[in-house]
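Chains A and B are the protein sequences, given in the same order. For the first sequence, my numbering gives the first residue as 3, with consecutive numbering after it. For the second sequence, my numbering gives the first residue as 166, with consecutive numbering after it.
Hint data in this document are derived by calculation from the structure and do not stem from the laboratory. As the structure is a prediction and not an experimental result, all values here were calculated from the model. C-beta: ideal position from N, C-alpha, C; glycine also. Be aware that one or more of the hints could be misleading.
Stated by the list, open to error - Here are the simulated distance ranges between beta carbons:
hint : chain 1 : residue 1 : chain 2 : residue 2 : range
1    : A       : 53        : B       : 174       : 34 to 44 Å
2    : A       : 51        : B       : 193       : 13 to 23 Å
3    : A       : 48        : B       : 243       : 51 to 61 Å
4    : B       : 203       : A       : 54        : 53 to 63 Å
5    : B       : 197       : A       : 110       : 43 to 53 Å
6    : A       : 53        : B       : 195       : 39 to 49 Å
7    : A       : 69        : B       : 245       : 29 to 39 Å
8    : B       : 193       : A       : 195       : 45 to 55 Å
9    : A       : 286       : B       : 309       : 55 to 65 Å
10   : B       : 195       : A       : 191       : 36 to 46 Å
11   : B       : 186       : A       : 3         : 33 to 43 Å
12   : A       : 195       : B       : 186       : 44 to 54 Å
Claimed, not checked - Chain B is nowhere near these chain A residues, computed Cβ spacing over 12 Å in every case:
hint : residue
13   : 8
14   : 119
15   : 239
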Amino acid sequence: MLVTLLIDVVRSLVFLVGVLTGFAYVTLLERRLLARFQLRIGPDRVGPLGLLQPLADGIKLIFKENFMPAGADPIVYQTAPLISAVAALFVYAVIPLAPPIHLFGREIPLYVADVNVAILLVLGASSVGVYGIILGGWSSNNKYAILGGLRSSAQVISYELTLGLAVLGVVLVANSLRLTDIVRAQSHVWFIVQQPLAFVLFMIAAFAETNRAPFDLPESEQELIAGFQTEYGGFKFAMFYLAEYIGIITMGALVTTLFLGGWQGPWLPPIVWFLIKVFAVVCFFILVRATLPRLRYDQLMHLGWKVLIPLGIVNLAATAALIVWRGAP
Amino acid sequence: MVETVSERLRQAWKMVSGLGVIGQKMFRRPVTTRYPEEKTRVQERFKGRHFLTLFADGMERCVGCELCVIVCPSQSIYVKAAENDPLEPHSKGERYAEDFQINMLRCIFCGFCEEACPTGAIVLGHEYELSGYTRGELIYTKDRLQEKYPGESGRDPHREV
Chain A
3 MLVTLLIDVV
13 RSLVFLVGVL
23 TGFAYVTLLE
33 RRLLARFQLR
43 IGPDRVGPLG
53 LLQPLADGIK
63 LIFKENFMPA
73 GADPIVYQTA
83 PLISAVAALF
93 VYAVIPLAPP
103 IHLFGREIPL
113 YVADVNVAIL
123 LVLGASSVGV
133 YGIILGGWSS
143 NNKYAILGGL
153 RSSAQVISYE
163 LTLGLAVLGV
173 VLVANSLRLT
183 DIVRAQSHVW
193 FIVQQPLAFV
203 LFMIAAFAET
213 NRAPFDLPES
223 EQELIAGFQT
233 EYGGFKFAMF
243 YLAEYIGIIT
253 MGALVTTLFL
263 GGWQGPWLPP
273 IVWFLIKVFA
283 VVCFFILVRA
293 TLPRLRYDQL
303 MHLGWKVLIP
313 LGIVNLAATA
323 ALIVWRGAP
Chain B
166 MVETVSERLR
176 QAWKMVSGLG
186 VIGQKMFRRP
196 VTTRYPEEKT
206 RVQERFKGRH
216 FLTLFADGME
226 RCVGCELCVI
236 VCPSQSIYVK
246 AAENDPLEPH
256 SKGERYAEDF
266 QINMLRCIFC
276 GFCEEACPTG
286 AIVLGHEYEL
296 SGYTRGELIY
306 TKDRLQEKYP
316 GESGRDPHRE
326 V
C-alpha cells in the first residue's frame, strides 16, 4: 500500500521534473531553431552549445524586482500566473508516455493517472487556464493589460470549440475517451490517416490555444506592449512564460497521442518514439512561428467561428455517418 | 468570403509550401560572423583609429599647422605647436606638434582631419576596437597616436601626402 503510494509519488515527480526541464530546453530549442530559420546562429555561448542558457535566464528572472503595480488587486495579481502555470501542468497527469514497464517485479504504468474521461480532462484543464489570462490582465490595473487579457481569452475560448470538435472525431473512431485506448486504437493505422480534417483543425486550434504565431496578436510587442503580461516581471512573468511553453509541449503530446500513434513504432523503445514525435511537433510549431505572418484579430475570430467550427461539425457528421454505415470499428 | 473554395485552397497551399521554403533555410550555413573569434574584414578606406604617420626616413610628418583642429566638427583635437630646433628637427617644416591629443569620445571618425592635413600626417587606420574603462584613458596622446616605425599605419611611408 505504502509502496504503491511511493511509486505514484515518484512517477508524478518524474513527470513534473521532466516537463519543467523540457520546458526550459524548449525555450532554448526555439531560439536556436528560429535563428537557423533566419540564417543566423542562436545562443550558443553560455554553455556547450548554449545548453546552460535556460539556467542563466532562470537565474536572471529570479533576481528581478518583485513589484506590484499601484492599484492592482494583490491576491489576484499574485495568483493569476499560478493559475496559468498549474492548469498548464495539470494536463500531464493523464498523458500516456508508453505502455507499462516492468521494474522490480511490478508493472509500473507510464502515466500519472489513467482516467476514463482523460480527453475531457485535458480540454477542461485548458479551459481553466483561461482564468489565469483574464485575471492576470484584469488585476494589473492597466488598460492595455485588460484589453490584452480580454482579446487573448476570447481567442482561446473561440478555438476551444474547434479543438473539441476535432477531438470528437478521434473519439468517435477510437470509441473511447481514455487516452490509453485512443493510442491502442491506432495500432493498425494512425488517426492522421483516418481523420485528416480533424488533424488539420486540431493543429490550427492548437496554435490559437497556445497564443502562438500566427495567432499571437495578444502577445505581440508591437500591438499591445505585452498584452495581459504587461504589468508582470521577474518570476511571475516566468510563470506565464512557463504556461505558454508547456502548452506548446502539451499540444505536441496531444497531437502525438491523438493523431500520430502515441508511443507506437518499430524497433525503438516506445518512450523514445513518443519523445521523437513530440519533438517533431514542437519543431513544427517553431517553423510555423518563423514563417507565417500574424493574423489580425478580426481575421482570427472570423477563421475560428465561421470557418473552423463549421468544418469541425462537418467532420463530426461525416465521421458519425461513416461509422453508422460501416458499423462500429 | 467571395473567393471560391478552390481559390482558398490554393491560398492555403501557398502558406504550407512557404513552410517548406523556410524549412530549407535551416540547412544553409548561417551568415553570422563569430565575433570575437572571427572578425569582418574592413574596407580599404575604413575610418578607424587615427595614426600620426612618419616619412620613410623617420621624421614626423606633422608640422603643427593645426588645420585638423580647425576642421574637426566635434572639436576633439588639441595641438600645441613648438618651433623646430634647427639642429634636431622633429619634422620637415618650421614647427612640429609638441603635444597632440585626440579625445576619442568626442571624435566622430568623419575623416575630415585626414582630408585637411597638408602633409598627410594624420590618417585613419583600420582599428575599431577602442573601448576603455575610464574617460581619461580614452584621450589619446601623441605617444599613443604616433607610428612606432614608418608604415605601421598601413599607409605607404614614401607617399608625398
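Status of each hint after checking the structure:
no.: 1; hint: 53(A) / 174(B): 34 to 44 Å; in the structure: holds (43 Å)
no.: 2; hint: 51(A) / 193(B): 13 to 23 Å; in the structure: holds (19 Å)
no.: 3; hint: 48(A) / 243(B): 51 to 61 Å; in the structure: violated (44 Å)
no.: 4; hint: 203(B) / 54(A): 53 to 63 Å; in the structure: violated (23 Å)
no.: 5; hint: 197(B) / 110(A): 43 to 53 Å; in the structure: holds (46 Å)
no.: 6; hint: 53(A) / 195(B): 39 to 49 Å; in the structure: violated (18 Å)
no.: 7; hint: 69(A) / 245(B): 29 to 39 Å; in the structure: violated (54 Å)
no.: 8; hint: 193(B) / 195(A): 45 to 55 Å; in the structure: violated (33 Å)
no.: 9; hint: 286(A) / 309(B): 55 to 65 Å; in the structure: holds (56 Å)
no.: 10; hint: 195(B) / 191(A): 36 to 46 Å; in the structure: holds (40 Å)
no.: 11; hint: 186(B) / 3(A): 33 to 43 Å; in the structure: violated (59 Å)
no.: 12; hint: 195(A) / 186(B): 44 to 54 Å; in the structure: violated (26 Å)
no.: 13; hint: 8; in the structure: holds (45 Å)
no.: 14; hint: 119; in the structure: holds (34 Å)
no.: 15; hint: 239; in the structure: holds (28 Å)
Violated hints for the displayed structure, listed by number in ascending order: 3, 4, 6, 7, 8, 11 and 12.
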